[in-house]
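S.K.: Single-letter residue listing:
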Amino acid sequence: MSEITAKAATILKQYMSPILTDPIMEAAVLRSGVDPDNIRMGDGSRLVRVLKQSCKLFVRNSRDYAKCCKDLDVLLTEAMAGSSVDSTVVTIKEERDIVVARATGRDMCEEIGFPISVRIGVATVISELARNIHQYAKTGNIVLSLMKGERGGIEVFAVDDGPGIPFIEEVLSGRYKSKTGLGQGLLVVKKMMDEFEVSSALGEGTKIRVRKYLDARR
Amino acid sequence: MLDVFKIPIIKLYDTLIVSIQMALTDQLVRQLKQDITMEIDRTDATGLIIDLSGMDVMDSYITKAIRDIGLVSRLMGVETVLCSLDPMIAITLVEMDLSPEGITTALNLEAALDYLRSKHVPGPEGTSQNKANV
Ligand SMILES: Nc1ncnc2c1ncn2[C@@H]1O[C@H](COP(=O)(O)OP(=O)(O)OP(=O)(O)O)[C@@H](O)[C@H]1O
Ligand SMILES: [Mg+2]
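Protein sequence lines correspond, in order, to chains V and Y.
Under my numbering, the residue at position 53 of the first sequence is numbered 53, and the numbers go up by one with no gaps.
Under my numbering, the residue at position 51 of the second sequence is numbered 269, and the numbers go up by one with no gaps.
These are calculated hints, taken from the structure and not from any lab test.
Please read these numbers as outputs of a predicted model, since none were measured by experiment.
Glycine included, each C-beta is placed from N, C-alpha and C at the ideal position.
Take these hints with a grain of salt, some might be off.
Partner residues are not named here, just some residues of chain Y that face chain V (Cβ under 10 Å, in silico) [to be verified]:
| hint | residue |
| --- | --- |
| 1 | Lys229 |
| 2 | Asp232 |
| 3 | Asp244 |
| 4 | Ser302 |
| 5 | Asp304 |
| 6 | Ile309 |
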C-alpha cells in the first residue's frame, strides 16, 4: 500500500470500526481506478472523493463524518504540497483515451482549487484537443501540468505528429468551414483559456499549449 | 463489451425517452442515431426526450451528435427535448457558444414530458393530431 492509502486508512480507523476500514479502502481503490503503487496527478482527489462517498454509511454520526471528510481533505492537500511530480501524460491512441484525458484534467483542476464551472470548462477544452488528435492525427499526447508557482493554474499541452493544420489562421478567425464537425473545437479552446499558443504547419504535426490561471477566473 | 452495449430507448405513450449515462463514443452515437430512427418508425412516437444528467462534459462533438439526432428526428416528425443538463455544464455550453440551437431544453424529465404533452394533444385514437404539421 502506498503512503497516501495507508494514511487515509489511519484516518478512517478513528471514525469507524477498524474491521471495516480495509475493505472500504480496497473497494475505494478499485472503484476510483487508482493504482496505489503508482499514484499520479489527479488520483488523490479521485480516491478521496470515492472514499468520502463509501465511508458515509459507516461513520457513527454526521458530525464525525464531517470531521472525517475534513481530515481526508487535509491529507490530500499535504500529499499535493509534497508531491514533486506535477505533470502527467495521457497518450491518445483510441477513443476512450479522450475520456481518460478529460477526467484526469478535471481532477487536477479540483486539486489545485478551480471552481466547478472552470473544471468543466477545462475538461471540455481537453476533450476538444484530444478528439482532434484522435480524429486528425490518429495518435498523440496530452500533457497536463499544474502550475504551482506565483501564478497557479493548469497547462494543457497537446502534441501530435499528424498532418498539421496549414489553414490554422482561418480556423482561429472563424472563417474555416469544417467538413467533419462544427468547426468550433479550437475556437472553444481559445475562448475558454487565458493563454493560447499554437504551432502547426503542413506535415509537421501540431502543438497546442493552453493555460488557465486561478487568478483569472471568469 | 463496448460493441454489444446499447443505450436503451424507453417508450412512454407517445414519447421516446433516452438517458445517456456514459461518455459517448462514435460507435455509440452511430448506434443511437440508428436505433432512434428505427424506434420512431416502429412506434409512431411524436416526441423524443434526451436526458443528459449523466454527461460529464458537452464538447463540440457531443453537442453535434445530439443536434444531429434532433435534426433527424425532426425530419421524421418528432420533436426533441433535452433535459436534466447539469447547471454548470449548461453555463459552460453557453459561455462557449456551444448550445444546441433549434432544440428545446427542459429543466427535468417531468418538465420535458409536460412540454411535449402541451404541444401534442392526443386525438380520438390516442395518436397525435399535430404530427402532420410539425
Ligand atoms: N491535431 C490536428 N491535426 C491536424 N489537423 C487538425 C488538428 N486539429 C484540428 N485540425 C484541423 O483543424 C480543423 C478545425 O478544428 P476544430 O477542432 O476547430 O473543428 P472540427 O474538429 O472540424 O469540428 P469540432 O471540433 O467542432 O467537432 C479541423 O477540421 C481539422 O481539419
Ligand atoms: Mg475538433
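S.K.: Taking 10 Å as the limit, does the beta-carbon of Asp232 of chain Y come near enough to a beta-carbon in chain V?
M.R.: violated (31 Å)
S.K.: Would the stated hint for Ile309 of chain Y survive a check requiring a Cβ distance to chain V of less than 10 Å?
M.R.: holds (6 Å)
S.K.: Do the numbers back the hint for Asp244 of chain Y, that is, is its least Cβ distance to chain V under 10 Å?
M.R.: holds (6 Å)
S.K.: Classify the hint on Lys229 of chain Y as holds or violated, based on whether any CB of chain V lies nearer than 10 Å to its CB.
M.R.: violated (29 Å)
S.K.: For the restraint on Asp304 of chain Y, tell me whether the closest CB of chain V is nearer than 10 Å.
M.R.: holds (8 Å)
S.K.: Tell me if Ser302 of chain Y is really an interface residue toward chain V, meaning its C-beta lies closer than 10 Å to one of theirs.
M.R.: violated (15 Å)
In summary, the numbered hints that this structure violates are 1, 2 and 4.
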